[in-house]
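Keeping their order, the protein sequence lines are chains A and B. Per full-length UniProt numbering, the first sequence starts with residue 1, numbered consecutively. Per full-length UniProt numbering, the second sequence starts with residue 1, numbered consecutively.
Treat the hints as calculated values from the structure; they're not laboratory data. A hint or two may mislead.
Claimed, not checked - Derived Cβ-Cβ restraints for the label pairs, each shown as a range:
| id | chain 1 | residue 1 | chain 2 | residue 2 | range |
| --- | --- | --- | --- | --- | --- |
| 1 | B | ASN61 | A | PRO135 | 43 to 53 Å |
| 2 | A | THR476 | B | LYS384 | 54 to 64 Å |
| 3 | A | GLY317 | B | TYR286 | 32 to 42 Å |
| 4 | A | VAL132 | B | ASN61 | 33 to 43 Å |
| 5 | B | GLU240 | A | THR194 | 41 to 51 Å |
| 6 | B | LYS384 | A | THR315 | 30 to 40 Å |
| 7 | A | HIS116 | B | SER124 | 35 to 45 Å |
| 8 | B | LYS384 | A | GLU275 | 19 to 29 Å |
| 9 | B | ARG390 | A | THR315 | 27 to 37 Å |
| 10 | A | LYS139 | B | ILE380 | 51 to 61 Å |
| 11 | B | PRO352 | A | PRO448 | 32 to 42 Å |
| 12 | B | GLU240 | A | GLU309 | 18 to 28 Å |
Unchecked claim - Heads up, simulated DSSO-like pairs for lysine-lysine below, C-alpha to C-alpha not over 27 Å straight-line:
| id | chain 1 | residue 1 | chain 2 | residue 2 |
| --- | --- | --- | --- | --- |
| 13 | A | LYS38 | A | LYS479 |
| 14 | A | LYS355 | B | LYS319 |
| 15 | B | LYS382 | A | LYS355 |
| 16 | B | LYS50 | B | LYS130 |
| 17 | A | LYS479 | A | LYS139 |
| 18 | A | LYS314 | B | LYS241 |
| 19 | B | LYS199 | B | LYS503 |
| 20 | A | LYS479 | A | LYS32 |
| 21 | B | LYS50 | B | LYS84 |
| 22 | A | LYS248 | B | LYS319 |
| 23 | A | LYS323 | B | LYS241 |
| 24 | B | LYS248 | A | LYS115 |
| 25 | B | LYS103 | B | LYS502 |
| 26 | B | LYS169 | B | LYS38 |
| 27 | B | LYS115 | A | LYS355 |
| 28 | B | LYS241 | A | LYS355 |
| 29 | B | LYS169 | B | LYS426 |
| 30 | A | LYS319 | B | LYS384 |
| 31 | A | LYS319 | B | LYS248 |
| 32 | B | LYS248 | B | LYS355 |
| 33 | A | LYS389 | B | LYS319 |
| 34 | B | LYS323 | A | LYS384 |
| 35 | B | LYS314 | A | LYS355 |
| 36 | A | LYS241 | A | LYS389 |
| 37 | B | LYS384 | A | LYS355 |
| 38 | A | LYS84 | A | LYS164 |
| 39 | B | LYS323 | A | LYS241 |
| 40 | A | LYS204 | A | LYS84 |
From the three backbone atoms N, C-alpha and C, an ideal C-beta is built for every residue, glycine too.
2 protein chains.
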Amino acid sequence: MKLRSAFLAATTLIAVGSSAAFAKPGDPGREKVVAAIKADHDASIDRLRKWIALPTIANMNINHREGAEYMKQLVLDAGFQQAKIIDTAGVPGVFATLDAGAKDTLAIYFMYDVKHYDPAEWSSPPLEGKIVDRPGEGKALVGRGAVNQKGPETAFLTALRAFKTSGVKLPVNLVFVAEGEEEIASPNFSQVVTQPEVKAALEKAVGIIIPSASQSVDGQVTLLLGAKGAVELQLISSGEKWGRGPTKDVHSSLKANVDSPVWHLIKALNTLVSEDGQTPAIDGWYDNVKPLTARQKELIAADVAAGNEADDMKTLGIKHWYKDEDYLTASYRLAEQPTINIQGLVSGYMGPGGKTVLPGRAEAKIDLRLVPDMTKDEVISKLKAHLAKRGFGDIEVNVSGGYGPNQTDENSPLIKAEQATLADAKIPATLSARSAGSWPGVVFTGPPLHLPAGQFGAGRGGGAHAPDEWLLIESTNPKVVGFDGQAVLYADFLYEVARTAKKKN
Amino acid sequence: MKLRSAFLAATTLIAVGSSAAFAKPGDPGREKVVAAIKADHDASIDRLRKWIALPTIANMNINHREGAEYMKQLVLDAGFQQAKIIDTAGVPGVFATLDAGAKDTLAIYFMYDVKHYDPAEWSSPPLEGKIVDRPGEGKALVGRGAVNQKGPETAFLTALRAFKTSGVKLPVNLVFVAEGEEEIASPNFSQVVTQPEVKAALEKAVGIIIPSASQSVDGQVTLLLGAKGAVELQLISSGEKWGRGPTKDVHSSLKANVDSPVWHLIKALNTLVSEDGQTPAIDGWYDNVKPLTARQKELIAADVAAGNEADDMKTLGIKHWYKDEDYLTASYRLAEQPTINIQGLVSGYMGPGGKTVLPGRAEAKIDLRLVPDMTKDEVISKLKAHLAKRGFGDIEVNVSGGYGPNQTDENSPLIKAEQATLADAKIPATLSARSAGSWPGVVFTGPPLHLPAGQFGAGRGGGAHAPDEWLLIESTNPKVVGFDGQAVLYADFLYEVARTAKKKN
Chain A
1 MKLRSAFLAA TTLIAVGSSA AFAKPGDPGR EKVVAAIKAD HDASIDRLRK
51 WIALPTIANM NINHREGAEY MKQLVLDAGF QQAKIIDTAG VPGVFATLDA
101 GAKDTLAIYF MYDVKHYDPA EWSSPPLEGK IVDRPGEGKA LVGRGAVNQK
151 GPETAFLTAL RAFKTSGVKL PVNLVFVAEG EEEIASPNFS QVVTQPEVKA
201 ALEKAVGIII PSASQSVDGQ VTLLLGAKGA VELQLISSGE KWGRGPTKDV
251 HSSLKANVDS PVWHLIKALN TLVSEDGQTP AIDGWYDNVK PLTARQKELI
301 AADVAAGNEA DDMKTLGIKH WYKDEDYLTA SYRLAEQPTI NIQGLVSGYM
351 GPGGKTVLPG RAEAKIDLRL VPDMTKDEVI SKLKAHLAKR GFGDIEVNVS
401 GGYGPNQTDE NSPLIKAEQA TLADAKIPAT LSARSAGSWP GVVFTGPPLH
451 LPAGQFGAGR GGGAHAPDEW LLIESTNPKV VGFDGQAVLY ADFLYEVART
501 AKKKN
Chain B
1 MKLRSAFLAA TTLIAVGSSA AFAKPGDPGR EKVVAAIKAD HDASIDRLRK
51 WIALPTIANM NINHREGAEY MKQLVLDAGF QQAKIIDTAG VPGVFATLDA
101 GAKDTLAIYF MYDVKHYDPA EWSSPPLEGK IVDRPGEGKA LVGRGAVNQK
151 GPETAFLTAL RAFKTSGVKL PVNLVFVAEG EEEIASPNFS QVVTQPEVKA
201 ALEKAVGIII PSASQSVDGQ VTLLLGAKGA VELQLISSGE KWGRGPTKDV
251 HSSLKANVDS PVWHLIKALN TLVSEDGQTP AIDGWYDNVK PLTARQKELI
301 AADVAAGNEA DDMKTLGIKH WYKDEDYLTA SYRLAEQPTI NIQGLVSGYM
351 GPGGKTVLPG RAEAKIDLRL VPDMTKDEVI SKLKAHLAKR GFGDIEVNVS
401 GGYGPNQTDE NSPLIKAEQA TLADAKIPAT LSARSAGSWP GVVFTGPPLH
451 LPAGQFGAGR GGGAHAPDEW LLIESTNPKV VGFDGQAVLY ADFLYEVART
501 AKKKN
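Build the full structure now, drawing on both the sequences and the hints.
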């Protein structure tokens, strides 16, 4: 997941009670469900390990169909009454429903793909799911997808299985959608959710969550109310498309009378941002940018007050924020400002020293971060128009993925139910106004669905996209729950969604 | 060798006579020398093959000392009375002298290093020196260094050996200097030629040549009167040196409040050239640029008149010269204009698609081409001052090699002797005003030596810096000479140098 809840810090810590203390009077069958979760522990971990052993990697064409079939079977086994694979132009999606005869419906979003990995960098095989000791934390399972996102997703399915095996009626109906391209910015996921049948099912939901395990070492959970959008693209200048300069690399002595596609790209890039390399300068870029609200600033200020600027800077390897702004101003900017980032440059000779070539091609890898109310289509067309107007219309804009920003109302029943569930579990929670990182929530929060959406869960893990990715299975840290606690929290959340929706009705 | 005598074409072809017809009356012992060259043929090719088997590759730290020792032994075997290795800050040079008791002295420059190679791209092992058929041309030896430059150099040494073995007195004294870093732009060669002993010996010479085999398929040889200088450098922007931005790659969502070393580099590069990406815009860059003389334009116009624009464009993969200039204007520009070329760009993520990083480092690989009277030191200090003045003083200017331009008077005895030798051999020759490519001739043509200098030789080869580099050993093309013919031409050149110098005196 491309989630980064930047610079959020724990609020005053409240002791976390045992999972048995979560229950509210009147949650029918909860004790049976909790017992079933505990009885299912070993089998659950085994299911997680088997799922990890089948990695779907979107951009490497690994296990696209197999991953979708596996995902479908997992939800059927967990109690969904129907599940089907939804083909897209890319990796297939999965759609499933569980009608519990309840009044309200909750939607669930899963990603079944994982980031690629290099086994040489891991201390145990990335597909093995080895259990290791984490000093001061407990026992953790190590594997690609452990926390991002198969681990928390497995905990959610374990909760559903517990209802099923203990014969307890689910408090809410469920609609399930999954994709296998989250790690490449969900290029085709809207094709899944706009299928008439899928859309009709989702429209009934009070909101949608993706399971996550994001407790800090102090036990704190951050609830994201929004995230910037992200569009990834490559700008490619080539002699072939330009019709000037060489179609291949030629000897560099020819620079005097042969045009250079590399300089052409540099000149184009130069127009995209302000002189200090920071502020987007594309025509009309700010037309739809909304400033932060007073409430969003209040939430950010609360985070900043509890944060540690020196630690943040040290982690990032920086000495100054942009323009030497203070921590609060820099944090406002992080949430508020759209960005144009260069991820990488590729052209000509890239080995040690030099080589006398005039390259026929140059590429800049770019990501655009979008804030409300910018949209993906808007920024791509504005970028293209900007380039064309300045004589760079030949430069290819190769969009490899992306989506707009998302924002969810903190007063929506979904967020209220999340807060209530965590409060009952004595897990401290803060609201994040907006993550500078991105996730494809706009598929749900934007038109036509307009659903509240966000990640949700307890438990703890780390190493997403990195070697030795892990999820805490048995926690010795009283502030953090282990795998069973994660599943219990999801069971309690289902009760709470029904309760909150009832209040609202 | 970084030689490119761009856009030169054959003048009206004159039939090439047999090598026996080269002689002028009064060249004492010439027939014995020619016979000795022919008798030495197989042994000469064997020496070339053995030399090729010991590649010196400057930037890969391969055979630095071994190559110098081998070079020294080769010249001692060819008749030099003393030879010594001259240590430098890099790969060692070699200095040798041969006092024939003659009135005049000729200097010889060798490179004993070769370009690196990938055996997988070759049709026979690059160090084997296999003899292969070239349809329509004859038998060629394939190996790294075959034409660039061990083949022609071996032919020159074969000529010297022939004088020695046949007991014929050399018509001129010889001074020999060699380097093992030509392929990385001779960063330390001036340390060799400015050694007092070396300098004193070189000062006696009428001029200096590097052996070359550059006949076209029509038999034509081009005599370079000058070449642009070249400086290779890498511009490196990093969070570490800048003191802003990250010291490593961080998540790209942070672009809003973290400065980007990549954008910093793009903004710096943007200032180096005009808006169309072509004309250098560094402060004071043109202060010492001399326009072409009427004579230089005349020589270029003659080349262009005999050239084929469509073929040149096809070879380069271009459809237009810069600014849609005509062939002649573009050719003037090629010779006259200094350039700033980007050889390559390196930053952040460079694989397929994208990756959400904000890189901590970005590098542009640059070469500068210099025309008279620009100097290497001048352009480096102007580049640094230009960057510093605009707030880019933190960007590292890592100079990996280079030298200034060179120019030799077409009326010098060296060029006159070259022309006379070729005319006697009925090999058509044209004068090139200036190559846009570069070679370190300025070490000789510049202060303190001010020697006429250039490549010289007959014979034919190709594939310099590329796979399957070759040198024609036995020519079936009557317009082109083979290996023995190359050696005979060098013998005749030695006679001619003495004769021309005598006329001059």
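Would you check the hint for B:LYS50 and B:LYS84, treating anything up to 27 Å between C-alpha atoms as holding? Holds. B:LYS50 to B:LYS84 sits at ~21 Å (cutoff 27 Å).
Restraint check for B:LYS103 with B:LYS502, where alpha carbons must lie at most 27 Å apart: The hint holds at about 9 Å.
Taking only the CA atoms, is the gap from A:LYS389 to B:LYS319 under or equal to 27 Å? holds, 23 Å
Check the following: the C-beta atoms of B:GLU240 and A:THR194 are separated by a distance inside 41 to 51 Å. Given range 41 to 51 Å: holds, Cβ gap about 47 Å.
Taking 54 to 64 Å as the stated bounds, is the beta-carbon spacing between A:THR476 and B:LYS384 within them? For A:THR476 and B:LYS384 the Cβ distance comes to about 58 Å; the hint holds.
Holds or violated: A:LYS319 to B:LYS248, with C-alpha atoms at most 27 Å apart: Cα-Cα ~13 Å, so holds.
Against the 27 Å threshold, does the CA-CA distance of B:LYS199 and B:LYS503 hold or violate the hint? holds, 26 Å
Starting from A:LYS355, check that the Cα of B:LYS319 is at most 27 Å away, please. The hint holds at about 24 Å.
Supplied distance hint 51 to 61 Å, evaluated on CB atoms of A:LYS139 and B:ILE380: holds, 60 Å
Between B:LYS314 and A:LYS355, is the straight-line Cα distance small enough, at 27 Å or below? holds, 23 Å
A:LYS38 paired with A:LYS479 [C-alpha distance capped at 27 Å]: Distance ~19 Å between A:LYS38 and A:LYS479 Cα, so the pair holds.
Is B:LYS323 within 27 Å of A:LYS384, Cα to Cα? holds, 25 Å
Of the numbered hints listed earlier, not one is contradicted by the structure.
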